[in-house]
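Peer 1: Protein chains in written order, with the UniProt record's numbering: chain G, 1 to 441; chain A, 1 to 291.
The hints are simulated quantities; they were obtained by calculation from the structure and are not laboratory data. Check the hints yourself; a few may be wrong.
[Stated by the list, open to error] Listed below are several chain A residues computed to face chain G (Cβ distance under 8 Å; list not exhaustive):
1. 44
2. 144
3. 148
Cβ atoms here follow ideal geometry from the backbone N, Cα and C, with glycine treated the same way.
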Amino acid sequence: MGKNYRKALSLLTATVLALSLAGCGGGGSDKAQKSGNTGASGGEEKIQLKVYAQHFDEDTAKPFDYAVAELKKEMPNVEIILDEAVQDGYQKLKTYAATGNMPDIYDTDWATLQTFAKAQNVEVLDDYPETAEFKAKLNKGVESKLVAPDGHVYAFPYPGIEFQLIYYNKEIFEKVGIQTPIKTYDQMIEASNKLSAAGYIPMAIFAKEKWITTAFYAGLVTREQGTTGYGDLEAKGTTAMPDPFVRAAEEMYKLKEANLFDANATNTNYDQASAQFYSGKAAMFVNGQWEIYSSTEKLGDKVDWMYWPAKDEAAYESGKGFINGSGAPGGFAVSPSSKHKDVAVKVASFLAQKYGEYKYTQLGSPITAIKVDKPITVEVPPMMKRIAEEVLPNATQYMTPINNVQIKNAIDDSTQNMLVKGYTVQQFVDNINRVMARENK
Amino acid sequence: MNRYLSNKKAIILFLLPALLIYSVVIIYPVLQTFYRSFFNWDGLSAATWNGIANYLDLFHDPLLITSLCNGLIFAVVLVVFQIGLGTILALACADPRIKARKLLKTAYFIPVVLSVTVVCQLWIAMYDPTNGLINRLFSLLHIPYQQNWLTSPTASIIAIAFVNAWQFMGYQFSLLYAGVKSIPEQYMEAATIDGCSKWMAHLKVTLPLMKETYKFCFIVAITSGIGAFVQMLIMTNGGPGTSNYTLTFMIYRYAFLESNYGYACAVSVVLVSLSLLATIVINKTFDRNEA
Chain G
1 MGKNYRKALS LLTATVLALS LAGCGGGGSD KAQKSGNTGA SGGEEKIQLK
51 VYAQHFDEDT AKPFDYAVAE LKKEMPNVEI ILDEAVQDGY QKLKTYAATG
101 NMPDIYDTDW ATLQTFAKAQ NVEVLDDYPE TAEFKAKLNK GVESKLVAPD
151 GHVYAFPYPG IEFQLIYYNK EIFEKVGIQT PIKTYDQMIE ASNKLSAAGY
201 IPMAIFAKEK WITTAFYAGL VTREQGTTGY GDLEAKGTTA MPDPFVRAAE
251 EMYKLKEANL FDANATNTNY DQASAQFYSG KAAMFVNGQW EIYSSTEKLG
301 DKVDWMYWPA KDEAAYESGK GFINGSGAPG GFAVSPSSKH KDVAVKVASF
351 LAQKYGEYKY TQLGSPITAI KVDKPITVEV PPMMKRIAEE VLPNATQYMT
401 PINNVQIKNA IDDSTQNMLV KGYTVQQFVD NINRVMAREN K
Chain A
1 MNRYLSNKKA IILFLLPALL IYSVVIIYPV LQTFYRSFFN WDGLSAATWN
51 GIANYLDLFH DPLLITSLCN GLIFAVVLVV FQIGLGTILA LACADPRIKA
101 RKLLKTAYFI PVVLSVTVVC QLWIAMYDPT NGLINRLFSL LHIPYQQNWL
151 TSPTASIIAI AFVNAWQFMG YQFSLLYAGV KSIPEQYMEA ATIDGCSKWM
201 AHLKVTLPLM KETYKFCFIV AITSGIGAFV QMLIMTNGGP GTSNYTLTFM
251 IYRYAFLESN YGYACAVSVV LVSLSLLATI VINKTFDRNE A
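Starting from the given sequences, assemble the full structure and let the hints guide the process.
Peer 2: Structure representation (structure tokens):
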């Protein structure tokens, strides 16, 4: 028995040791695959750069592939290794940062950049010549996409400042007898009543996503405030919502009470809301300007967009230049741990420019961060033409973004709640004031 | 065998791998979470000592009250539906007079093996206020009870808890059924000879003898209620607003949406403590009744 016992012990020890060795030895192969590799190729140094970018559908894959193809012509010695981003609120990227495994270049948003800047996981691009060149090419009014509120440049942006519009079905409006465009809140309430009575959902909204309710509210804020946007809510010492924000909440409440939104709005996702609009069940739809392509494809010339209503026609006319969109920094950033940091900065800038070029030349979108000097190669939808000719040249001010995540989340929660029956303006104001009082001390 | 059991070195040696894995996967993260709850930490930068500030903030956070209330409601719905109904069904299926018992047992267990996402999508469709099956059913029966099931800040948590209860009732049912079947039939026969009706015999004999099974079922139901998350995430994303938040949803928000890991750790400590407390209370309650 003693012999068997010793045998069992030996076997167990050997197994544990083998497992431990296998575990310890596992990391070796990774090192060889780590990004930033170099190798001789035709006499010129071959540089591999890992790029973490979105590449999951046509909208994200095509500009990336275009930019990479252009890069091959411009920098043939640079090879891009795509690390496909997942829609996880940048958790994968944060895990890379936490484990010291950052890609050379990554596409991210302002909230993540702020965290990365604190943890020194993002290269500050202020003094690179590429930044100065990029700045010189920027479109009018989009500086806030490049230069962060702290004065630093962390990433090269590719879209311009995107904004939200109210789309409407002209055919339904005509059938129900609603005059367009709707200019005032009262007209919107009247239209909502008429549409409800005729059996339509007045406005489709995918309010399961909180950002769209915040965007809707922001549209009203631009009409009441007309100046600086959500940035006002995070000013040091501000503990109560300024009047324009309260008035905008009151108008949103009135619109909700006029049944502007579907009863199930806060549980409706994009697919459902857009289906309501495309199928003619809903007369209006709120979404960003990127919706133009899908709406045109589904509804043809039956669809158009209108400006946000205001308290009266004069306010409506004067408010047209205040755009319901804000430009937070974001785009292609560079990891400070990249072995080829200088090349990575060049490539990041190049990719961002080529993304913009693709959007302009291949999609006809004028909402790009940089000016593009190549011609548009496709037929531009009439709604997009209106934006290029009517909105962008007359844009007097974009909204300032909000940097404080806690206040932003409070606005998101409260605006979504505003679509629910029984939720009052006072509850809305109290909730945001409470968070502001805590955060703006 | 006794020689092995009396050899402490051998026992330690054989326990060590499991203990190591358990320590690395469970104990170390729990201790780290507790330790990190005293820091201001975004998950990436160096953490700064914060004392009990996270806990003080947490106890003033209105989300905590919402989450605790929702956790309680969730737990109550699970207990009532899973254990209450599960018991009735288990007793019924154990009765040889009931026809098609095998079919019923399988039917009750089918939702357990379905994907949570599939089940949630199914119920989202059923809860739809205009086209959903439930409101349509009320209309069909001429009952004027039309609800916005998932958009109502008050009704939605019950509606969501019901989905969880419906899906995992089969799991509790299988435990309870096994408990019922483990009781020797002579006890029931003796009770019947003494003049007990079938249901009275179950009440006086079967249920008290299933104390250990119930203890486990209560622990599973109540801790699942306190830590509920997936159904809210899929069905309402915690909304409208924050009305469907639970403690786990708070952790998700503060850690992953706000990068406030120190605070999220404090919420995690509260969650773990509450689950432990619930387990202790359930154990004590059942043990006291035994004494």
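Peer 1: Identify every previously stated hint that the structure contradicts and give their numbers, smallest first.
Peer 2: 2
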